[in-house]
Structure formats: structure tokens, C-alpha cells
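There are 2 protein chains.
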Amino acid sequence: MDLELVTVGSELLLGFTLDTNAAEIARALASVGARVTTRTTVGDSEPAIRDAVAGALRRTGLVVVTGGLGPTSDDVTKKAVAGLFDAPLELDQQYLRRLEQRFARLGRGPMPPSNRTQAEFPRGATVLPNRRGTAPALWLDGAPGTAVLLPGVPHEMRALLREELIPRVRSLVEARHETPVTTRWRTLRTTGTTESAIASALADLEAGLAPVTVAYLPGFSGVDLRLMVSGLREPEADAALHRAAERVLPVLDAHYYGEGDTDLAMVVLDQLRARRMRLAVAESCTGGLIGARITAIPGSSEVFAGGVVSYADDSKVRDLEVPGSLLEAHGAVSEPVVRAMMAGAARRFGVEASVAVTGIAGPAGGSEGKPVGTVWLAARAGGRDRAVLRRFPGGREAVRQRSAQAALDLLRRLLSGVRAERR
Amino acid sequence: MDLELVTVGSELLLGFTLDTNAAEIARALASVGARVTTRTTVGDSEPAIRDAVAGALRRTGLVVVTGGLGPTSDDVTKKAVAGLFDAPLELDQQYLRRLEQRFARLGRGPMPPSNRTQAEFPRGATVLPNRRGTAPALWLDGAPGTAVLLPGVPHEMRALLREELIPRVRSLVEARHETPVTTRWRTLRTTGTTESAIASALADLEAGLAPVTVAYLPGFSGVDLRLMVSGLREPEADAALHRAAERVLPVLDAHYYGEGDTDLAMVVLDQLRARRMRLAVAESCTGGLIGARITAIPGSSEVFAGGVVSYADDSKVRDLEVPGSLLEAHGAVSEPVVRAMMAGAARRFGVEASVAVTGIAGPAGGSEGKPVGTVWLAARAGGRDRAVLRRFPGGREAVRQRSAQAALDLLRRLLSGVRAERR
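Chains as they are written, first to last, in our numbering: chain A, 1 to 423; chain B, 1 to 423.
Don't read these hints as lab results, they were simulated from the structure.
It is possible that part of the hints are untrue.
Taking lysine to any residue pairs in the SDA-like style, the calculated list, with each CA pair at most 25 Å apart, reads [unchecked claim]:
id : chain 1 : residue 1 : chain 2 : residue 2
1  : B       : 370       : A       : 171
2  : B       : 370       : A       : 370
3  : A       : 370       : B       : 302
4  : B       : 79        : A       : 298
5  : B       : 370       : A       : 298
6  : A       : 79        : B       : 55
7  : B       : 370       : A       : 301
8  : B       : 79        : A       : 370
9  : A       : 79        : B       : 37
10 : B       : 370       : B       : 314
11 : A       : 370       : B       : 106
12 : B       : 370       : A       : 246
13 : A       : 370       : B       : 298
14 : A       : 370       : B       : 301
Counterexamples of contact, computed for chain B against chain A with all Cβ distances above 12 Å [unchecked claim]:
id : residue
15 : 24
16 : 133
17 : 241
18 : 277
19 : 395
The model shown is predicted, which means the values in this text are computed figures rather than measured ones.
Glycine is no exception: its CB is placed at the ideal position from the N, C-alpha and C atoms.
Assemble the whole structure, with the sequences as input and the hints as a guide.
Structural data, given as C-alpha cells:
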């Protein structure tokens, strides 16, 4: 089933706000077999909204509109759509009382008169209550087709999308088709390899994965692969994705570390927890990023003891017991120093596992032999250890993010008993 | 001058990719007086692109299209627009040779045949070369109006936008109007206060700022205020913004810390550098976030000595010399402990300035007296120090981000000789 999306707001149109609502609505609709074919963004202008909604209804007969349902004078979505459906706005006394009670309950004093307009609805519209805000969603059926209006505040929109819109669209899809079709996807996360290396490894396989398609999504944390399938019923779609993943995963091999939103820090924490090991970090060029990644995970305190950010060289000597002679002989960005940092962190915190990073994030500090992006990483776990040299591309932020990810990955591979890759 | 934007790509439409290109183009165009009135997003479908571009041209006569200029079979933007302008695609021999030379130069072997299509252009189109990729921008004038095609790869789009599109649109605006009007804005950043506190402080002032409008943009790092003005000539617009800022800044008072993209860590580093002080950090619940924020700034190594992430209590005792008796008597999240952490970090790193954070980020670990979000912060600089207790709202990530920002802000206020706010 096809439909269109109209998002309303001058902030969106001017480019100050990214249209995350539209992206979220499209993904949710695709999962129940409703395909967004065009998305239109207009400002807070009644004629522009009316034109956009009318065009969408002409093309597909079904439109989801978000934004412009607030109490201020520039919120004109209801008026524009009411005009199109020839359904005048009428005050809903029952809803007005609910609004007034809401204000009283939240102790915000009497309701401002401007909020009265939020109890006005196009005649015949179904009101879908919004427990998180004052603007309900509205569902209109009429001669031009079906229009659904959602508030633009993201958490209110999200709740109404999940609780009201998706179940209703699912029923609509089921009512129209004998076999409701859907778009489903799985994201396989890899790190320590490149997009082109994965693409050539998958080259012979890719055509055979049909109807599943593969998208490559490279970023600082590695390359994500999105397997996607459209136009099948839900169980068939999931089975096709399962078959495709079974064929792709062996090719990704040890580069694969998880699915969906899984953060590598989470994977490493789980590995350590299972082995009853505790972790310490020694960070130089990453300056705290690895610790921040790890402690972002709830429950990390069970595993994570702490770390030293040894940004200055004297801290490497004092706090991590790196011999000054090593720093003098090899420089701070070297294998002997990163190994000494790794050992020093484990010793200081009295733990079995540690990682260390020292490198040149730039923009200054590079030399011919050690250009910006040169990073030494080391990891130790349960008596085994490993150090690797990397040359990361990109600016300061890229080098730092890639370094943090590579340090966590080195530890992951060590813990899985898999050799670290030297590229 | 009004125009429309059409962005092409099934990834955008499905909601996997956020339309950052559209936002960037709209902001850049507004700054030279060209107003995007509608934005349409369609998939990689020739009829859908043609309909969207035709509609845009009908309404405004000028359209910027981005995406769908690559070498693969689903890149159909040129074909769709060429059809609309009745300008058949023709092979540009000269551009073809340039493409082939590019492949040879980058050592990528012979050019794949599919890339030949990238040297085909609608008859009469102006080709605006793309030094960063294979798809040039195209400028078409014809009966339906003017269409500009930009590649969708963000860094290629950005360069062509800045180097080619903006100067040309500026000339167009100047050619059409005697007094080119523009949209200009300034963002004033505050922290340590709330949106409603600022709004009531500005209540009496706001109407008097016209034609400048104020938008409140709250986030984990504080509340940004965007002052914006439209419809004036550039010098008048800048003067109006200047006058508005002069009136708003005294109200924001010490909560204001910078403009635009300025990070608070940058401000604090500048303050310390000016006072020839060096900085160390002691982090518990932030786990490295403060160090990561500081070291994200190029040149921070001049000022930042390093830090201790004392996630476990025994690290607070061993690495920061927090007396065990204080931990036992008051708990890790307490004023005596945060002060001891602050002093311990300064002592260990031998520096004049330090900050310390200890708190309960959740989801677990809260109690009746110290619920999730309870955070003690301390800062010291040049013999002065201060500790504050905060109760931050939100989940783990919110509490951690707000804590890091509040710690930096405590140090900033101390360094400016301004009292820290207790809310």
C-alpha cells in the first residue's frame, strides 16, 4: 500500500531542524507494509499545507501529516486540512474539559485561552488522545481520501505512531490485500575491515541473496551491512533475511560483532563479565573516549574499574609507570610505550584486562615517520596480549573515534581467541 | 526570491538516512536571500522525480535537485529532468576524457563502462565541475524555468553548493531585486539555567526585538537562543541582530558562554590558557566524558595534563587519595568526597586547576536520599574552589552529558570570578 508524508514547520524548511519524525514514521510504516512514495515539507502556511496535502491525496489517497497542531497562531495544519475535507472546525466540549483538567493536574494554573483551539476538530474526525501532550492525533476519512494528523513534538509523535497509527495502518493494509506485504531489515555490524574488502568478499554471493538486498554503511565505527527485503509477507520476509544472514555472516567472519544498535563496548563488557575479568584503560590521544563509551553502558561498573587519561608524557611515567627511557628512545607513539601503558593500567587497577592507546590525532604533532593518524593500540586479557599499529584517515575527530573503536575491537578479538588483524 | 528543493533517494524516503543535505542547502540559500518554500523527497524513480521537479518549477520557476547523479541504473535524475526540459542527454567527449583521466590518476584501473553515463548531459546544460567526485553539478535554463542538479554525496554537494551554487544564486537574487533581502541568524549559547527562566526574563523584551525573533533550543548542554531576522538587506539584517543581541545578552548574564558552535570546553581552555593554568580531571559517573570533550579541541594538550577515571571506589582512594573514612561516612556521592577528588587530581597532576564529578547516572544505584540524577561537582582554580549539588532529570545519557557540561561550567564561572548558581 502506498501513501505520502507531509511534514509541517518553518524550522524544518529553513534547515535548522532535521526531519527525524519523517524518517521514523517512514521506517515504522514500512514495517507494516505501507510504503511512503513522496515526502513533502512545507512551512507554517495554510495554502502551502493545503496544496501539499491535496497533492498527496490525489496521488495515493492516504496522507500522514505531522506538525502544526500546537496552540499558537502559526499552527494552521487543522484549518488547512479541514478546508480540504469540507469539514468545519468545531469545539469539542468534552475534550476542552480534559484539557482544562490536564492544566489543573500539572499545577500550571488556568489554561491559557490560546489552548482552546486545541479542542477544535474537523467535523467527523476521529480523535486519538495524546497522553503526553495537548494536541491529539486526528484521523479523517472523506471524499479526498484519508488524512492522519500527528503532533510534531517527537516523543508525542512517537507514542501516537506506535500506539495508534501503526495498528490502524496494519488493519488497513490487511483489509486491502489478502497477503499484507512488508519491508523488513537486519543490520550486521563489522569493524576492522573496509567497505571495498567486504564488497569484494560478497561479490559472488550478492546476486544469490535476492530478494534480499545489501547496503553498505561505512562510518567511524566500521561498516554496517543492511540486509533488506520488501514485498513479502512478514514470516517469509523474516525467513529470507535469516537465510541471507546465514550466508553473509561466514564471509564477515571475525569482523562481525553484533546486530542493530549493538555497541562494541557492550560486546566487550559481556565477554569480560562472562570470563569474570575486570577492565582498566590507559588513554592518551582518545582522552577519555574509551572510558566514556564503556561507562555509557548501564551496569558497566561491575566490570570497569577505571582508567588513566595520561595526556601529558609525565603522566605516562608517573601514573602508568612507563619507563622514561622508553619514551626517550621510541617516542610516546610507539609499541614499547603502548605496551607499558597497557601493563601499567592493569597493575594500577589490579585487573586482568586492559587496553591502551597512544597516537597522533592532529591537526598538529605529525611527522614524516609518524604522520597524523598514526596510532598504537594494545590490549591484554588473562595473560595474553597484543599490540597493533594503525594509520587512520580523516581529521582529529575521525582519528579519535576510530582509535577508540579499534582499541575495543582489539580486546574483543583477543577475548574471542581470534588473532587481531594487521592491515 | 522563492525556490523549491527536491531531494532524491530511496534511502531518504525509507527513513534510513536523514536529509542533512536539504537542511544545509536551505540554510545556505537563506543566507543569500533565497527562500525554500517547499521541499519534496522522492525515491529513485523517473516519473516521481519528473512530477516533483515539474511541480516545483510550476510554483516557483527555480528548483534545486540533489541526488541520483551516480553511475548506477537507479540514478535517473538527469534523465527525468532532461525529459522535462526537452533537452536530450548527449555524451560530452571532453568530460568523458576527464573522467577517464581521473580514474587513471587515482590508480583505480580502467574506468568501468557504467561511469560513461556520467559524461552524458542534457543538451544546453552548464556543467559545473566537481573536483571531489565524478558527477558534476548541472545548471539548466529552459521553458519550464531553471533547474540546478547537485550530487547527493554530502562533501561533494557541500563544495559545489559553496563554490558554484551560492555565488550564482546570489547574482540571480541581485539581478531580480534592487535590494536583495536575506535571512540571518545568531545563536547565543547558555548553560546552568532553564528555558522557562530565560523566557520569563525576556518576556518584557521580546516584542521590542522585532523584526528579530527568538527561538529557544533546549538540550543536554543548556539552552541555545537563536535570534533570527528575515526580509532585510544584509547590512540592515546584521545591524538588527547586533541591536537585539545587545539587549538580550545582559539578561542572559553569566549563563551565556559563547556563540554558534562554540563548545564550553573551548571556552574553559581559553580561560585557562590566558591564566597560564593547567587542568586535570577526576571523573566518576561521567567515566571519561569530560576528558573526551576537552581533548576534542585541537591544541588542548597545552592546557590539559590528564585525568583519573575513578569508577570504582578503591580507585578514588588509591589514585586520588580520597580518605576511606570519608567514603564510609558520607558515601561516594557527597560533598566531602567530590572535594577530595578535586584536590587529589590537582595534586597528582601537579596543576592549578581541576574538576571532579561523582554522581548516580542510573538506571540502578539510586536511593531515597540520593535518587538517580544526584550529582556532586567540584572545581578548583588558582586557590579558589567551589562544590555544588545538582539533581539532573532524564536517563543515564542525559545525566552524564549534563554532568560533564555542569562541571565545565562550574570551572568557567569560577575562572570568570562569577559565583556558581545553586538552583
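We went through each hint and held it up to the structure:
Between residue 370 (chain B) and residue 171 (chain A) the alpha-carbon distance is near 47 Å, which puts this suggested pair outside the 25 Å criterion. A hinted pair counts as satisfied when its Cα atoms are at most 25 Å apart, and residue 370 (chain B) with residue 370 (chain A) does not qualify at roughly 49 Å. Taking the CA atoms of residue 370 (chain A) and residue 302 (chain B), the gap is about 20 Å. The hint holds against a cut of 25 Å. For the suggested pair residue 79 (chain B) and residue 298 (chain A), the alpha carbons sit about 51 Å apart, so the restraint of at most 25 Å is broken.
Our distance criterion of 25 Å between C-alpha atoms is met by residue 370 (chain B) and residue 298 (chain A), whose separation comes to about 18 Å. Distance check on the hinted pair: residue 79 (chain A) and residue 55 (chain B) sit about 23 Å apart at the alpha-carbon level, within 25 Å; holds. Proximity of residue 370 (chain B) to residue 301 (chain A) is assessed by CA-CA distance (about 18 Å); at most 25 Å being required, the pair is judged to hold. For the hint linking residue 79 (chain B) to residue 370 (chain A), the alpha-carbon distance of about 48 Å lies beyond 25 Å, and the restraint is violated.
Only pairs whose Cα atoms come within 25 Å are accepted, and residue 79 (chain A) paired with residue 37 (chain B) is accepted, the gap being roughly 19 Å. The hinted pair formed by residue 370 (chain B) and residue 314 (chain B) meets the criterion: a straight-line CA distance of about 21 Å does not exceed 25 Å. Using a Cα cut-off of 25 Å, the hinted pair residue 370 (chain A) and residue 106 (chain B) holds, with the two alpha carbons roughly 24 Å apart. Distance restraint check for residue 370 (chain B) and residue 246 (chain A): the Cα-Cα separation of roughly 48 Å exceeds the 25 Å cut-off, and the hinted pair is therefore not satisfied.
Distance restraint check for residue 370 (chain A) and residue 298 (chain B): the Cα-Cα separation of roughly 18 Å lies within the 25 Å cut-off, and the hinted pair is therefore satisfied. As the CA atoms of residue 370 (chain A) and residue 301 (chain B) are separated by approximately 18 Å, the hinted pair is consistent with the 25 Å bound. For residue 24 (chain B), the shortest C-beta to C-beta distance to chain A comes to about 6 Å, within the 12 Å cut-off, and the non-interface label is violated. Chain A leaves residue 133 (chain B) outside its interface by the beta-carbon criterion, the shortest separation being 16 Å against a cut-off of 12 Å.
The claim that residue 241 (chain B) lies off the interface holds: its Cβ sits roughly 15 Å from the closest Cβ of chain A, which is beyond the 12 Å cut-off. At roughly 14 Å, the least C-beta separation between residue 277 (chain B) and chain A is larger than 12 Å, which holds for a residue marked as non-interface. Residue 395 (chain B), annotated as away from the interface, has a beta carbon of chain A within 12 Å; the closest lies near 9 Å.
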